[in-house]
Amino acid sequence: MHILIAALHRPSKPTGVCRHAANLAQCLADTKEVTKVTLIVGAWQKHYFKTFFNSKKINLIEIDIENSALARNMWFLFGLPKLANRLLPDLVYMSFPFPFVRTLFSSPVISTIHDLYPYEKPEVFGYPNAIFNRLFLKQCITNSDGLVCVSKSTANSLKLYFPNLHLRKLVTVIYNYVSLEGLKSNSSIHLPISDRDSFLLSIAQHRSNKNINLAIQAFWLLIKNKYLKNTTKLVIVGNNGPETEKIQQLINRLSLQELVLLLDSIEDNELCWLYQNCEMFIAPSSQEGFCLPLAEAMHFSCKIVCSDIPIFREIGSFNCTYFDLQGDPVKNLSQAMINALEKPLSQTAKDLRFSKSDVAARYLKFYAAIARKSPLRVGILQRVQTSFDKISTDNQNQSTSKVKKFNQ
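Using the UniProt record's numbering, the letters of the sequence shown correspond one by one to residues 1 to 408.
Any given hint might turn out to be false.
So the derived label-pair ranges between C-beta atoms look like this [what the hints assert, rightly or not]:
hint	residue 1	residue 2	range
1	GLU258	GLU120	35 to 41 Å
2	SER301	LEU87	38 to 44 Å
3	THR35	PRO163	35 to 41 Å
4	LEU345	SER194	41 to 47 Å
5	LYS331	PRO163	34 to 40 Å
Keep in mind the hints are simulated off the structure, nothing from the lab. The model shown is predicted, which means the values in this text are computed figures rather than measured ones. Where is the CB? At the ideal position from N, CA and C, for every residue including glycine.
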(Lines of atoms letter the chains of each structure in order from A and count residues from 1; the text may use other names and numbers.)
(Lines give C-alpha, C1' and ligand atoms only; values in the text may rest on other atoms or scores of the structure.)
Protein backbone atom coordinates (compact mmCIF):
# COMPACT_ATOMS: atom_id res chain seq x y z
CA MET A 1 0.00 0.00 0.00
CA HIS A 2 1.27 3.47 -0.92
CA ILE A 3 0.40 6.39 1.40
CA LEU A 4 0.97 10.02 0.43
CA ILE A 5 1.28 12.42 3.37
CA ALA A 6 1.02 16.15 2.71
CA ALA A 7 3.03 18.06 5.32
CA LEU A 8 3.95 21.30 3.52
CA HIS A 9 3.65 23.91 6.25
CA ARG A 10 4.68 27.52 6.88
CA PRO A 11 7.27 27.15 9.71
CA SER A 12 10.87 26.53 8.71
CA LYS A 13 11.61 24.97 12.10
CA PRO A 14 9.93 21.86 13.55
CA THR A 15 6.45 22.28 15.01
CA GLY A 16 3.88 19.86 16.41
CA VAL A 17 2.41 19.42 12.93
CA CYS A 18 5.85 18.60 11.48
CA ARG A 19 6.51 16.04 14.19
CA HIS A 20 3.06 14.52 13.69
CA ALA A 21 3.71 14.08 9.95
CA ALA A 22 7.21 12.70 10.48
CA ASN A 23 6.05 10.31 13.20
CA LEU A 24 3.15 9.11 11.08
CA ALA A 25 5.41 8.47 8.09
CA GLN A 26 7.84 6.43 10.20
CA CYS A 27 5.00 4.61 11.96
CA LEU A 28 3.41 3.50 8.69
CA ALA A 29 6.73 2.68 7.01
CA ASP A 30 7.53 0.26 9.83
CA THR A 31 4.48 -1.90 9.01
CA LYS A 32 4.73 -4.72 6.49
CA GLU A 33 1.53 -3.72 4.77
CA VAL A 34 2.71 -0.23 3.78
CA THR A 35 5.19 -0.57 0.95
CA LYS A 36 5.80 3.12 0.30
CA VAL A 37 5.26 6.45 2.03
CA THR A 38 5.57 9.65 0.02
CA LEU A 39 6.02 12.69 2.26
CA ILE A 40 5.44 16.11 0.73
CA VAL A 41 7.18 19.06 2.43
CA GLY A 42 8.23 22.59 1.57
CA ALA A 43 11.82 23.18 0.48
CA TRP A 44 12.29 25.31 3.62
CA GLN A 45 11.38 22.28 5.80
CA LYS A 46 13.78 19.77 4.25
CA HIS A 47 16.53 19.93 6.88
CA TYR A 48 14.34 18.58 9.69
CA PHE A 49 12.74 15.83 7.64
CA LYS A 50 15.97 14.70 5.98
CA THR A 51 17.60 14.09 9.37
CA PHE A 52 14.58 12.28 10.79
CA PHE A 53 14.14 9.14 8.71
CA ASN A 54 16.04 5.88 8.41
CA SER A 55 13.52 3.95 6.29
CA LYS A 56 14.01 3.24 2.59
CA LYS A 57 10.23 3.11 2.21
CA ILE A 58 9.91 6.86 2.77
CA ASN A 59 10.27 9.08 -0.28
CA LEU A 60 10.68 12.76 0.58
CA ILE A 61 9.50 15.23 -2.06
CA GLU A 62 10.37 18.91 -1.59
CA ILE A 63 8.08 21.53 -3.12
CA ASP A 64 10.01 24.65 -4.06
CA ILE A 65 7.46 27.45 -3.99
CA GLU A 66 7.30 30.83 -2.28
CA ASN A 67 6.59 30.35 1.41
CA SER A 68 3.60 32.65 1.54
CA ALA A 69 -0.04 32.00 2.47
CA LEU A 70 -1.23 32.64 -1.08
CA ALA A 71 1.40 30.40 -2.72
CA ARG A 72 0.86 27.56 -0.24
CA ASN A 73 -2.93 27.60 -0.52
CA MET A 74 -2.83 27.75 -4.31
CA TRP A 75 -0.51 24.75 -4.28
CA PHE A 76 -2.87 22.86 -1.96
CA LEU A 77 -5.76 23.57 -4.30
CA PHE A 78 -4.07 22.72 -7.61
CA GLY A 79 -0.50 21.48 -7.19
CA LEU A 80 -1.19 18.73 -4.65
CA PRO A 81 -4.00 16.97 -6.59
CA LYS A 82 -1.91 17.09 -9.75
CA LEU A 83 1.04 15.48 -7.95
CA ALA A 84 -1.18 12.93 -6.17
CA ASN A 85 -2.84 11.86 -9.42
CA ARG A 86 0.56 11.38 -11.01
CA LEU A 87 1.89 9.26 -8.12
CA LEU A 88 -1.43 7.35 -7.67
CA PRO A 89 -1.19 6.55 -3.94
CA ASP A 90 -3.81 4.32 -2.33
CA LEU A 91 -4.56 7.07 0.19
CA VAL A 92 -3.81 10.78 0.50
CA TYR A 93 -3.32 11.95 4.07
CA MET A 94 -3.51 15.63 5.06
CA SER A 95 -1.36 16.10 8.18
CA PHE A 96 -3.32 19.23 9.12
CA PRO A 97 -6.40 21.02 7.71
CA PHE A 98 -5.87 23.04 4.57
CA PRO A 99 -8.12 23.84 1.59
CA PHE A 100 -8.52 21.28 -1.18
CA VAL A 101 -11.06 20.27 -3.83
CA ARG A 102 -12.07 16.64 -3.35
CA THR A 103 -13.15 16.04 -6.94
CA LEU A 104 -9.61 16.74 -8.17
CA PHE A 105 -8.25 13.65 -6.34
CA SER A 106 -8.57 10.09 -7.65
CA SER A 107 -7.62 8.59 -4.24
CA PRO A 108 -9.48 8.74 -0.92
CA VAL A 109 -8.46 11.72 1.24
CA ILE A 110 -8.09 11.57 5.05
CA SER A 111 -7.30 14.58 7.24
CA THR A 112 -5.95 15.00 10.76
CA ILE A 113 -7.93 17.29 13.05
CA HIS A 114 -5.58 18.46 15.78
CA ASP A 115 -7.93 20.94 17.41
CA LEU A 116 -10.86 23.30 16.84
CA TYR A 117 -8.95 26.47 17.73
CA PRO A 118 -10.44 28.53 14.87
CA TYR A 119 -13.83 28.07 16.57
CA GLU A 120 -12.86 27.71 20.23
CA LYS A 121 -9.90 30.08 20.51
CA PRO A 122 -9.68 32.33 17.43
CA GLU A 123 -7.44 34.81 19.26
CA VAL A 124 -4.61 32.29 18.87
CA PHE A 125 -4.43 33.27 15.18
CA GLY A 126 -5.40 36.92 15.45
CA TYR A 127 -7.70 38.69 13.00
CA PRO A 128 -8.33 38.40 10.11
CA ASN A 129 -6.26 35.18 10.09
CA ALA A 130 -8.78 33.46 12.36
CA ILE A 131 -11.52 33.93 9.77
CA PHE A 132 -9.49 32.21 7.05
CA ASN A 133 -8.41 29.43 9.41
CA ARG A 134 -12.05 28.75 10.23
CA LEU A 135 -12.99 28.65 6.54
CA PHE A 136 -10.09 26.31 5.71
CA LEU A 137 -10.92 24.00 8.61
CA LYS A 138 -14.57 23.80 7.65
CA GLN A 139 -13.74 23.17 4.00
CA CYS A 140 -11.23 20.44 4.88
CA ILE A 141 -13.67 18.71 7.24
CA THR A 142 -16.42 18.80 4.64
CA ASN A 143 -14.30 17.48 1.76
CA SER A 144 -12.38 14.70 3.51
CA ASP A 145 -13.46 11.07 3.14
CA GLY A 146 -12.43 10.43 6.73
CA LEU A 147 -11.17 12.38 9.73
CA VAL A 148 -8.63 11.36 12.37
CA CYS A 149 -8.93 13.29 15.64
CA VAL A 150 -5.82 13.24 17.82
CA SER A 151 -7.81 12.91 21.06
CA LYS A 152 -11.29 12.30 22.42
CA SER A 153 -11.36 15.94 23.52
CA THR A 154 -10.80 17.05 19.92
CA ALA A 155 -13.47 14.59 18.71
CA ASN A 156 -15.94 16.03 21.24
CA SER A 157 -15.22 19.57 20.01
CA LEU A 158 -15.66 18.41 16.41
CA LYS A 159 -19.04 16.93 17.28
CA LEU A 160 -20.03 20.14 19.07
CA TYR A 161 -19.33 22.42 16.10
CA PHE A 162 -20.32 19.89 13.42
CA PRO A 163 -23.15 17.92 15.09
CA ASN A 164 -24.33 16.06 11.97
CA LEU A 165 -20.86 15.17 10.70
CA HIS A 166 -20.69 11.66 12.22
CA LEU A 167 -23.87 10.69 10.41
CA ARG A 168 -22.28 10.97 6.98
CA LYS A 169 -18.50 10.71 7.47
CA LEU A 170 -16.05 8.28 9.06
CA VAL A 171 -14.43 9.82 12.14
CA THR A 172 -12.02 8.14 14.54
CA VAL A 173 -9.65 8.97 17.40
CA ILE A 174 -5.98 7.96 17.08
CA TYR A 175 -3.43 9.34 19.49
CA ASN A 176 -0.03 10.58 18.36
CA TYR A 177 2.71 8.13 19.17
CA VAL A 178 5.89 8.81 21.12
CA SER A 179 8.74 8.37 18.66
CA LEU A 180 11.68 9.06 20.96
CA GLU A 181 11.99 5.51 22.31
CA GLY A 182 15.43 4.04 21.68
CA LEU A 183 16.86 7.38 20.54
CA LYS A 184 20.25 8.17 22.07
CA SER A 185 20.13 11.36 24.10
CA ASN A 186 22.77 14.02 23.60
CA SER A 187 23.17 17.47 25.15
CA SER A 188 25.62 18.47 22.36
CA ILE A 189 27.32 21.82 22.11
CA HIS A 190 24.17 23.49 20.82
CA LEU A 191 22.26 23.53 24.12
CA PRO A 192 23.17 26.43 26.47
CA ILE A 193 22.90 24.09 29.45
CA SER A 194 24.87 21.13 30.80
CA ASP A 195 24.38 18.16 33.10
CA ARG A 196 25.74 20.31 35.92
CA ASP A 197 22.74 22.64 35.68
CA SER A 198 19.44 22.24 37.48
CA PHE A 199 16.51 23.14 35.25
CA LEU A 200 12.76 22.91 34.69
CA LEU A 201 11.38 22.24 31.21
CA SER A 202 8.40 23.44 29.20
CA ILE A 203 7.77 22.83 25.50
CA ALA A 204 5.32 25.13 23.76
CA GLN A 205 5.01 27.51 20.84
CA HIS A 206 4.64 31.14 21.86
CA ARG A 207 0.84 31.31 21.70
CA SER A 208 -1.65 32.61 24.25
CA ASN A 209 -3.23 29.22 25.00
CA LYS A 210 0.16 27.82 26.05
CA ASN A 211 0.33 30.15 29.09
CA ILE A 212 4.12 30.48 28.97
CA ASN A 213 3.93 33.73 30.96
CA LEU A 214 2.19 31.80 33.72
CA ALA A 215 5.05 29.29 33.91
CA ILE A 216 7.61 32.12 34.04
CA GLN A 217 5.76 33.93 36.84
CA ALA A 218 5.42 30.75 38.92
CA PHE A 219 9.10 29.96 38.35
CA TRP A 220 10.08 33.46 39.50
CA LEU A 221 7.92 33.07 42.63
CA LEU A 222 9.66 29.82 43.57
CA ILE A 223 13.09 31.40 43.03
CA LYS A 224 12.08 34.43 45.08
CA ASN A 225 10.76 32.32 47.97
CA LYS A 226 13.82 30.03 47.84
CA TYR A 227 11.91 26.86 46.93
CA LEU A 228 14.36 26.63 44.02
CA LYS A 229 18.07 27.41 44.03
CA ASN A 230 18.82 30.82 42.54
CA THR A 231 20.86 29.08 39.82
CA THR A 232 17.96 26.89 38.65
CA LYS A 233 16.93 27.58 35.06
CA LEU A 234 13.66 27.37 33.17
CA VAL A 235 14.14 25.99 29.64
CA ILE A 236 11.29 26.78 27.23
CA VAL A 237 11.46 25.05 23.84
CA GLY A 238 9.17 26.37 21.13
CA ASN A 239 8.97 28.48 18.00
CA ASN A 240 8.32 32.20 18.15
CA GLY A 241 4.72 33.29 17.83
CA PRO A 242 2.24 36.05 18.68
CA GLU A 243 3.25 36.01 22.37
CA THR A 244 7.02 36.17 21.89
CA GLU A 245 7.32 39.91 22.58
CA LYS A 246 5.21 39.69 25.76
CA ILE A 247 7.27 36.73 26.98
CA GLN A 248 10.54 38.60 26.46
CA GLN A 249 9.15 41.68 28.18
CA LEU A 250 8.14 39.61 31.21
CA ILE A 251 11.57 37.98 31.39
CA ASN A 252 13.21 41.43 31.36
CA ARG A 253 10.79 42.87 33.93
CA LEU A 254 11.51 40.02 36.37
CA SER A 255 15.27 40.16 35.63
CA LEU A 256 15.32 36.51 34.58
CA GLN A 257 17.46 36.92 31.46
CA GLU A 258 20.12 34.54 32.80
CA LEU A 259 17.65 31.95 34.13
CA VAL A 260 14.91 31.64 31.48
CA LEU A 261 16.26 30.11 28.27
CA LEU A 262 14.15 30.33 25.09
CA LEU A 263 15.12 27.68 22.54
CA ASP A 264 13.38 27.57 19.18
CA SER A 265 14.95 24.62 17.37
CA ILE A 266 16.68 21.53 18.73
CA GLU A 267 17.43 18.03 17.51
CA ASP A 268 15.41 15.06 18.76
CA ASN A 269 18.37 13.59 20.64
CA GLU A 270 18.78 16.93 22.43
CA LEU A 271 15.09 16.86 23.28
CA CYS A 272 15.54 13.39 24.80
CA TRP A 273 18.37 14.73 26.94
CA LEU A 274 16.21 17.59 28.22
CA TYR A 275 13.42 15.20 29.24
CA GLN A 276 15.86 12.87 30.96
CA ASN A 277 17.68 15.58 32.91
CA CYS A 278 15.02 18.12 33.86
CA GLU A 279 13.82 18.35 37.47
CA MET A 280 10.26 18.86 36.30
CA PHE A 281 8.17 19.21 33.13
CA ILE A 282 5.52 21.98 33.10
CA ALA A 283 2.46 22.13 30.81
CA PRO A 284 0.30 25.10 31.88
CA SER A 285 -1.90 25.33 28.74
CA SER A 286 -5.50 26.50 28.86
CA GLN A 287 -6.36 24.49 25.74
CA GLU A 288 -4.72 21.72 23.70
CA GLY A 289 -5.64 19.27 20.99
CA PHE A 290 -3.30 16.54 22.23
CA CYS A 291 0.05 17.85 23.59
CA LEU A 292 2.70 15.41 22.41
CA PRO A 293 5.31 16.86 24.84
CA LEU A 294 3.16 15.71 27.77
CA ALA A 295 3.04 12.16 26.39
CA GLU A 296 6.81 12.29 25.85
CA ALA A 297 7.43 13.56 29.38
CA MET A 298 5.35 10.63 30.68
CA HIS A 299 7.41 8.26 28.54
CA PHE A 300 10.59 9.51 30.24
CA SER A 301 8.98 9.34 33.71
CA CYS A 302 9.46 13.06 34.35
CA LYS A 303 7.90 14.79 37.31
CA ILE A 304 4.99 16.57 35.64
CA VAL A 305 2.86 19.58 36.55
CA CYS A 306 0.02 20.39 34.18
CA SER A 307 -3.18 22.42 34.12
CA ASP A 308 -6.38 20.64 35.05
CA ILE A 309 -8.04 20.63 31.62
CA PRO A 310 -9.94 17.74 29.97
CA ILE A 311 -7.25 16.78 27.44
CA PHE A 312 -4.55 16.53 30.13
CA ARG A 313 -6.83 14.37 32.26
CA GLU A 314 -7.44 12.23 29.18
CA ILE A 315 -3.84 11.54 28.25
CA GLY A 316 -2.13 12.21 31.60
CA SER A 317 -1.46 9.69 34.36
CA PHE A 318 -2.04 9.54 38.10
CA ASN A 319 1.57 10.63 38.57
CA CYS A 320 0.86 14.06 37.09
CA THR A 321 0.29 16.95 39.49
CA TYR A 322 -2.63 19.06 38.27
CA PHE A 323 -3.35 22.69 39.09
CA ASP A 324 -6.45 24.89 38.69
CA LEU A 325 -6.39 27.73 36.17
CA GLN A 326 -9.23 29.46 38.03
CA GLY A 327 -8.69 31.87 40.91
CA ASP A 328 -5.00 32.74 41.26
CA PRO A 329 -3.32 30.55 38.60
CA VAL A 330 0.22 31.73 39.44
CA LYS A 331 -0.22 30.74 43.07
CA ASN A 332 -1.93 27.49 42.09
CA LEU A 333 0.84 26.55 39.67
CA SER A 334 3.65 27.46 42.05
CA GLN A 335 2.10 25.33 44.81
CA ALA A 336 1.65 22.42 42.40
CA MET A 337 5.33 22.75 41.43
CA ILE A 338 6.33 22.61 45.11
CA ASN A 339 4.16 19.52 45.60
CA ALA A 340 5.64 17.82 42.54
CA LEU A 341 9.22 18.54 43.61
CA GLU A 342 8.52 16.87 46.95
CA LYS A 343 7.14 13.72 45.31
CA PRO A 344 9.50 10.77 44.93
CA LEU A 345 10.36 10.01 41.32
CA SER A 346 8.48 6.89 40.22
CA GLN A 347 8.98 4.69 37.19
CA THR A 348 5.75 3.69 35.44
CA ALA A 349 4.96 1.17 32.73
CA LYS A 350 5.04 2.58 29.20
CA ASP A 351 1.61 3.70 28.02
CA LEU A 352 0.64 1.46 25.09
CA ARG A 353 -1.86 4.07 23.88
CA PHE A 354 1.11 6.03 22.52
CA SER A 355 3.10 3.05 21.22
CA LYS A 356 4.00 2.70 17.57
CA SER A 357 2.37 -0.73 17.23
CA ASP A 358 -0.96 0.39 18.69
CA VAL A 359 -1.09 3.57 16.62
CA ALA A 360 -0.19 1.65 13.43
CA ALA A 361 -2.95 -0.88 14.09
CA ARG A 362 -5.53 1.86 14.53
CA TYR A 363 -4.50 3.61 11.33
CA LEU A 364 -4.65 0.38 9.34
CA LYS A 365 -8.08 -0.39 10.75
CA PHE A 366 -9.32 3.06 9.75
CA TYR A 367 -7.81 2.75 6.27
CA ALA A 368 -9.69 -0.51 5.86
CA ALA A 369 -12.93 1.25 6.77
CA ILE A 370 -12.20 4.02 4.27
CA ALA A 371 -11.41 1.44 1.59
CA ARG A 372 -14.80 -0.20 2.06
CA LYS A 373 -16.44 3.08 1.08
CA SER A 374 -14.08 3.86 -1.81
CA PRO A 375 -14.70 1.89 -5.01
CA LEU A 376 -11.60 3.46 -6.55
CA ARG A 377 -9.34 1.69 -4.07
CA VAL A 378 -11.20 -1.45 -2.97
CA GLY A 379 -8.09 -3.49 -3.75
CA ILE A 380 -6.35 -2.26 -0.63
CA LEU A 381 -9.07 -3.50 1.72
CA GLN A 382 -8.04 -7.10 2.02
CA ARG A 383 -4.34 -6.27 2.42
CA VAL A 384 -5.01 -3.63 5.08
CA GLN A 385 -7.45 -5.81 7.01
CA THR A 386 -5.03 -8.75 7.06
CA SER A 387 -2.26 -6.53 8.41
CA PHE A 388 -4.58 -5.00 10.99
CA ASP A 389 -5.66 -8.41 12.28
CA LYS A 390 -2.03 -9.47 12.72
CA ILE A 391 -1.00 -6.26 14.50
CA SER A 392 -4.04 -6.44 16.80
CA THR A 393 -3.09 -10.00 17.79
CA ASP A 394 0.53 -8.96 18.40
CA ASN A 395 -0.60 -6.02 20.56
CA GLN A 396 -2.90 -8.24 22.60
CA ASN A 397 -0.07 -10.71 23.21
CA GLN A 398 2.29 -7.86 24.12
CA SER A 399 -0.21 -6.36 26.58
CA THR A 400 -0.81 -9.77 28.21
CA SER A 401 2.93 -10.31 28.57
CA LYS A 402 3.43 -6.89 30.22
CA VAL A 403 0.56 -7.49 32.66
CA LYS A 404 2.10 -10.83 33.69
CA LYS A 405 5.48 -9.19 34.26
CA PHE A 406 3.89 -6.38 36.30
CA ASN A 407 1.96 -8.86 38.46
CA GLN A 408 5.11 -10.83 39.10
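Status of the given 35 to 41 Å range, CB of PRO163 versus CB of THR35
holds (39 Å)
Range hint 35 to 41 Å (beta carbons of GLU258 and GLU120) holds or violated:
Given about 37 Å between the Cβ atoms, the range holds.
Between LEU345 and SER194, is the Cβ distance one that fits in 41 to 47 Å?
With Cβ atoms ~21 Å apart, the hint is violated.
Whether the CB-CB distance between LYS331 and PRO163 falls inside 34 to 40 Å
holds (39 Å)
Outcome of range test on Cβ distance (SER301, LEU87; 38 to 44 Å):
Holds, at about 42 Å.
The structure shown violates just one earlier hint, number 4.
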